[in-house]
Amino acid sequence: MYDAVAWYLAAINVEEVWASGITGAGVTVLISDDGVDASHPDLAKLSVADSCDHYLNAAATDSHGTHCAALAVGSSNDHCGVGVAYGASLASCRTLGESDVHDNPTAFAKGDVNSNSWGEDSCIIDAAGQDALKAGVADGRGGKGIVYVFAAGNEYTGNGNTNFEGYLNSRYVMTVGAV
Numbered sequence: 001m002y003d004a005v006a007w008y009l010a011a012i013n014v015e016e017v018w019a020s021g022i023t024g025a026g027v028t029v030l031i032s033d034d035g036v037d038a039s040h041p042d043l044a045k046l047s048v049a050d051s052c053d054h055y056l057n058a059a060a061t062d063s064h065g066t067h068c069a070a071l072a073v074g075s076s077n078d079h080c081g082v083g084v085a086y087g088a089s090l091a092s093c094r095t096l097g098e099s100d101v102h103d104n105p106t107a108f109a110k111g112d113v114n115s116n117s118w119g120e121d122s123c124i125i126d127a128a129g130q131d132a133l134k135a136g137v138a139d140g141r142g143g144k145g146i147v148y149v150f151a152a153g154n155e156y157t158g159n160g161n162t163n164f165e166g167y168l169n170s171r172y173v174m175t176v177g178a179v
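Residue 12 in my numbering sits at position 12 of the sequence shown, with consecutive numbering throughout.
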């Protein structure tokens, strides 16, 4: 369907998943990054009410959050491509750049799926971060638990080894990578 611009979708067999009716509908994916550009045509569904930043119409510091959002939940509107869960709702928390995840622990308290594609320059999680993840898994989504996803590959810059990055090794997150 989107082979020309999103060849990777066939590689993960997502079209078969979509054909079974699974599109992300009813799920809110929160992108915790450097912000999401709400004017992007594939991301017009950004919910300000479900977000925890005030930068939704400003250009992100390097557009990383916008790219992550498009890959995850970009609308199926034949504009730029389509996200894996194109039927999902979108929210944003700016945790990089002008803010920091440690300054904004509420970023971990939102969304059904909380997507984090950033690395930490520490091999431990501070107490506030650990407590926020634990509370989200235990109590988020009305007691169902928030699903935390972290990208491997943005890890601890001290030695570049994902094994030493605190968030990636937390029992409360799923770490994903690409081949």
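A couple of the hints might just be wrong.
Straight-line Cα separation of at most 27 Å, BS3-like style, residue types lysine-lysine; simulated pairs [claimed, not checked]:
id : residue 1 : residue 2
1  : K110      : K45
2  : K110      : K144
3  : K134      : K144
What follows is a set of in silico ranges between Cβ atoms, one per label pair, in the way DEER data are often shown [stated by the list, open to error]:
id : residue 1 : residue 2 : range
4  : A152      : Q130      : 17 to 25 Å
5  : K45       : R171      : 26 to 34 Å
6  : N161      : Y8        : 22 to 30 Å
These aren't lab readings, by the way, just hints derived from the structure by calculation.
By construction, the Cβ of each residue, glycine as well, lies at the ideal position given by its N, Cα and C atoms.
Each hint tested on the structure:
1. For the proposed pair K110 and K45, the alpha carbon gap of about 17 Å is at most 27 Å, so the pair holds.
2. The suggested pairing of K110 with K144 holds, with an alpha-carbon distance near 13 Å, which does not exceed 27 Å.
3. Restraint check: the Cα-Cα separation between K134 and K144 comes to about 13 Å, which is no more than 27 Å; the hinted pair holds.
4. Remark: the range hint 17 to 25 Å for A152 to Q130 is upheld by a beta-carbon distance near 19 Å.
5. For the pair K45 and R171, the beta carbons lie near 32 Å from each other, so the given range of 26 to 34 Å is met.
6. One distance hint, 22 to 30 Å for the beta-carbon pair N161 and Y8, holds here, with the actual separation near 26 Å.
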